[in-house]
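Protein chains: 2
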Amino acid sequence: MTKSEHRNAPAAEGADAMQSILINGVAAAGGISALDRGLHFGDGLFETIACLHHRPRFLSLHLERLARGCGMLGFSPPAMQLLREEIEGVAAAQERSIVKLIVTRGEATVRGYAVSGREQATRVVIRYPWPVENPVLRQQGVTVRMAAMRLGENPALAGLKHCNRLEQILARSEPQAAAFAESLMLSRSGKLVSGTMTNVFLVDGPPHSPRLRTPAVELCGVAGVMRRVVLREAARAGIAASECALLPADLAAATEVFLTNARVGVWPVGRLEERTLTPGPVTRRMQSLLQPLLEEPADA
Amino acid sequence: MTKSEHRNAPAAEGADAMQSILINGVAAAGGISALDRGLHFGDGLFETIACLHHRPRFLSLHLERLARGCGMLGFSPPAMQLLREEIEGVAAAQERSIVKLIVTRGEATVRGYAVSGREQATRVVIRYPWPVENPVLRQQGVTVRMAAMRLGENPALAGLKHCNRLEQILARSEPQAAAFAESLMLSRSGKLVSGTMTNVFLVDGPPHSPRLRTPAVELCGVAGVMRRVVLREAARAGIAASECALLPADLAAATEVFLTNARVGVWPVGRLEERTLTPGPVTRRMQSLLQPLLEEPADA
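Just so you know, the protein sequences line up as chains C and D, in that order. Quick note on numbering: the working numbering labels position 232 of the first sequence as 235, and the sequence is numbered without any gaps. Quick note on numbering: the working numbering labels position 278 of the second sequence as 281, and the sequence is numbered without any gaps.
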């Protein structure tokens with residue numbers, strides 16, 4: 004492991020005194036029921052929400068995705084206004100924080116996989132401290148590797164930020180992973196999908212009319228909130244941006260590569276395996292376009 | 004839904020006064036930590052153990068599979084002797100029960116997918132009442148349908164009874180599923196895999212030398228404990244039995260089909276979609292061979 008790899012590895016983000024937990028609206032509640040289907044089967048969804056100036060960022064987009072996910076998994080989410088109030092309440096106490104919302108189908112009313120329809124969704128809101136980040140990452144770019152672990156394909160789960168995340172955990176646990184800021188993953192059928200915790204964008208095309216592309220998430224992967232914001236802002240700025248099937252060859256041919264998630268916004272890729280990349284004009288443009296949205300605690 | 008479908012549907016198995024829960028060895032503990040990785044990511048494994056005459060059945064096989072699964076997910080399981088004592092203790096209070104063991108990687112020590120290596124596995128032991136079962140199922144066979152939901156493929160997770168079970172839940176939630184005892188699932192690439200909660204065996208070949216086959220679980224599916232017992236007992240009895248790639252055409256061509264799991268032992272399939280099957284000699288033979296092992300609270 005080189006010094007620069009160390010520098011680019013994300014800092015460990017431990018639980019500390021700034022942490023706060025609400026379980027179904029109650030602080031310091033006893034814990035989650037041992038019968039919760041989230042624990043038994045990963046039968047739930049989550050959102051990781053960046054909070055700035057005491058307010059959650061892009062909260063409406065997060066809640067919209069959550070509601071769509073609940074619909075696809077076939078259960079009723081908690082009232083959106085309730086979730087909004089709890090998240091805003093927890094975020095208010097700190098200038099900056101990360102709030103994770105977990106919504107499960109709830110406590111099991113029958114044993115086994117079957118759903119009775121009488122389940123009541125469980126909601127968990129956890130506030131974590133905003134992690135210390137090296138400003139160099141945003142400037143010079145992060146180091147990225149290719150994970151050996153591939154993502155299984157299932158259109159019924161694709162796009163959702165559901166709680167079945169063993170594949171991401173195993174990718175993140177691969178021997179070299181800790182020395183890199185992110186690991187990119189391919190699908191079982193060999194397509195580029197995403198990082199373990201980020202979406203990926205490729206830039207190619209001639210300098211006067213560059214093209215921005217990100218893998219479609221129709222068979223696997225998560226439809227990230229920041230991915231959606233980037234696609235929207237690129238379109239507004241007249242930059243051609245699309246979701247499509249992408250192969251490792253497209254990644255190799257890209258002149259710029261960047262990663263996105265709700266916390267980091269846009270991370271240029273500065274090194275991809277053995278290849279050095281220089282954050283280019285399209286990446287910088289997207290960073291500029293997003294900057295006011297990221298600094299302003301905008302709701303959508 | 005016909006009357007016979009109703010009759011074959013498994014009875015709802017509700018939580019009741021016979022239920023008992025141990026969390027890390029403590030009864031009536033406050034609940035599971037909201038930071039447990041089992042809740043966040045389904046980062047754990049489980050075993051469903053049939054208990055008879057106050058004792059867990061095939062406990063060594065269950066614990067062996069659990070330990071192998073922890074190894075594949077990269078965390079240390081709790082001490083096996085401790086798990087054994089807790090399961091035996093919980094089972095002792097009832098003549099018959101189902102004990103579910105969940106072992107997660109434990110409470111998160113860092114935010115996100117990364118593992119610090121400092122996690123301590125969480126163990127949950129839950130005793131459920133033995134479900135009421137119609138004896139006709141074992142005799143005349145169960146009704147089975149094909150699920151529309153397919154199983155994503157990932158060799159790193161195949162065979163494990165891990166806690167990422169959204170695919171099984173969605174299969175079990177399909178509109179027709181509740182009217183059938185089980186739904187059979189294909190893999191993304193079109194191979195027969197298993198039921199949502201059972202393994203499947205096909206019988207074919209000439210009557211004087213029948214052949215028993217079950218789908219390999221190298222890309223998806225669970226390597227069930229009863230599946231292992233059936234393969235072992237068939238081999239001991241001189242019945243050709245193998246694990247291999249099987250297609251829907253093999254299922255259609257099978258003269259007998261049966262399902263297995265730790266609770267039901269062997270369930271003959273009496274109807275598969277529109278096709279009626281008669282439980283045949285090989286199914287009956289396997290039921291007879293297993294009978295003493297199922298009635299005797301044998302450990303292995």
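These aren't lab readings, by the way, just hints derived from the structure by calculation. Please note that a few of the clues may not be correct.
Unchecked claim - Straight-line distance between alpha carbons at most 30 Å, and here's what the computed DSSO-like set of lysine-lysine pairs gives:
no.	chain 1	residue 1	chain 2	residue 2
1	C	K103	D	K103
2	C	K103	C	K164
3	D	K164	C	K164
4	D	K103	C	K164
5	C	K103	D	K164
6	D	K103	D	K164
Unchecked claim - The following residues of chain D were derived to be distant from chain C, with all beta-carbon distances above 12 Å:
no.	residue
7	D39
8	H56
9	L85
10	I101
11	G120
12	N167
13	T258
All C-beta atoms, glycine included, are put in the ideal place defined by N, C-alpha and C.
The hints, checked one at a time:
no., hint, verdict
1, C:K103 / D:K103, "holds (29 Å)"
2, C:K103 / C:K164, "holds (12 Å)"
3, D:K164 / C:K164, "holds (22 Å)"
4, D:K103 / C:K164, "holds (27 Å)"
5, C:K103 / D:K164, "holds (27 Å)"
6, D:K103 / D:K164, "holds (12 Å)"
7, D39, "violated (7 Å)"
8, H56, "holds (21 Å)"
9, L85, "holds (17 Å)"
10, I101, "violated (7 Å)"
11, G120, "violated (10 Å)"
12, N167, "violated (4 Å)"
13, T258, "holds (29 Å)"
Violated hints for the displayed structure, listed by number in ascending order: 7, 10, 11, 12.
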